[in-house]
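Chains V and P are the protein sequences, given in the same order.
Going by our numbering, the first sequence opens with residue 1, and the numbers climb by one from there.
Going by our numbering, the second sequence opens with residue 1001, and the numbers climb by one from there.
It is worth saying that the hints were derived from the structure and are not from the lab.
Glycine included, each C-beta is placed from N, C-alpha and C at the ideal position.
There could be a bad hint or two in this list.
To be verified - Covered stretches of chain P, going by a simulated chain V footprint (3 or more residues, C-beta under 8 Å):
1) 1039-1050
2) 1070-1080
To be verified - For each label pair, taking beta carbons as the anchor points, the in silico distance ranges come out as:
3) V/7 with P/1062: 24 to 34 Å
4) P/1066 with V/62: 37 to 47 Å
5) P/1075 with V/21: 24 to 34 Å
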Amino acid sequence: QSALTQPASVSGSPGQSITISCIGTSSDLGGYNYVSWYQHHPGKAPKLMIYDVTNRPSGISNRFSGSKSGNTASLTISGLQAEDEADYYCSSYSSSNTVLFGGGTKMTVL
Amino acid sequence: QVQLVESGGGEVQPGGSLRLSCAASGFRFSNYGFHWVRQAPGKGLEWVALIWSDGTRENYADSVKGRFTISRDNSENTLYLQMNNLRVEDTAVYYCARDLSVAAGDYRGQGTLVTVSS
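Bound conformation, chain P alone (with noise of 0.2 Å):
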């Protein structure tokens, strides 16, 4: 079956980095987009950035441009989120999810926790 599996999460302190992993199986792996989307504690859900199928064009929000790096190891069916220069308003369960149309994340796991603090 379709899993996602999200790692990496951790505290950091601010200006610190932190690299997020997606494992994915139970699919073709490269048929797909990919979403990250983050929830802060007590927040609503804010779509982070979105990589394509070929890795080939990616798109982020304001609130990360120039900060966090999407990508993707088709060969290793992995999904990564390189983040840096942390602020503290980045602490989040961060989500990966594949894209089944467009925008239409289909989310499969419990997210990873990354907390960014002195």
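Chain V with its partners taken away, still in its complex shape (with noise of 0.2 Å):
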């Protein structure tokens, strides 16, 4: 059960946009399409941004989009906000019937 593999950290500036991507492989990530992303402030629940690869959640900003290709999935903030600074997590489901996450990504505000 190898983690997924995401950059440790991206920044950008407000009103930007950033991508951070996630890497898996064809017995996880790019064999189904359930990808999730979350965004994570510590001390709190992680918050769910995105699942199924592409679908938002009901009262999660259109900033906020998911896309696959192969084994890599990405999430995008377009438009970025102070409030958006977090660490984000992906996730996917994974052959063996177990849930795999990428290791985080620590997204900056600058």
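Both chains are sitting in their own frames, so use the hints and assemble them into the complex.
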């Protein structure tokens, strides 16, 4: 059960767009359209931002979007705002009937 | 509104046991599968276990298989995680989440801290 691979950090200025990548294998991320993205502020509950690769739960801003190509999924945040600064995690269902998380990406708004 | 409240954490010695609870309200509990996920100090999120909505299937991370048991009581709207033979590396904040799709966790609580230390 290897973790998915995310960059340790990304940053952007207010108003810009950033993209966070998440790399898996054909046995997990590449084999299923069950990729989710979470926003996590320390001490708070993780917040589901994207599920099933591209879907946004009710109440999530359309500035957040997800995509997938092969074994790589991406989260794009457009129109960066200060409150977007957080840790972001991807996750995927895997062929072993388990769930894998990425190592997390610290997103900083400059 | 949807609420998930974790409880049962605490400090325990290596080899000890704890049972975590997750009390749910604001939705039809029996319609959803549930996850437990944890975050060790300074580390990222780690998936722990999943139970299906009808309770007939459970899945576990390799790191806890054989030591942890996930269960649910649909009459009490409560999810459980029985943790046995605890190790120092099990120290973490434990969160429960309902499954909105497949492996898409809806987290609502602040988590419960488990500390395994001698």
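Results of checking the hints against the structure:
1. A count of 5 residues in the stretch 1039-1050 of chain P with a Cβ less than 8 Å from any Cβ of chain V is obtained; the coverage claim is therefore met, three being the minimum.
2. Counting residues of the stretch 1070-1080 of chain P whose C-beta sits closer than 8 Å to any C-beta of chain V gives 0, which falls short of three, so the coverage hint is violated.
3. Take residue 7 of chain V and residue 1062 of chain P: their Cβ atoms lie about 25 Å apart, and the range 24 to 34 Å holds.
4. Distance hint for residue 1066 of chain P and residue 62 of chain V: a CB-CB separation of about 44 Å, consistent with the stated range 37 to 47 Å.
5. Residue 1075 of chain P and residue 21 of chain V have their C-beta atoms about 44 Å apart, which leaves the hinted 24 to 34 Å range violated.
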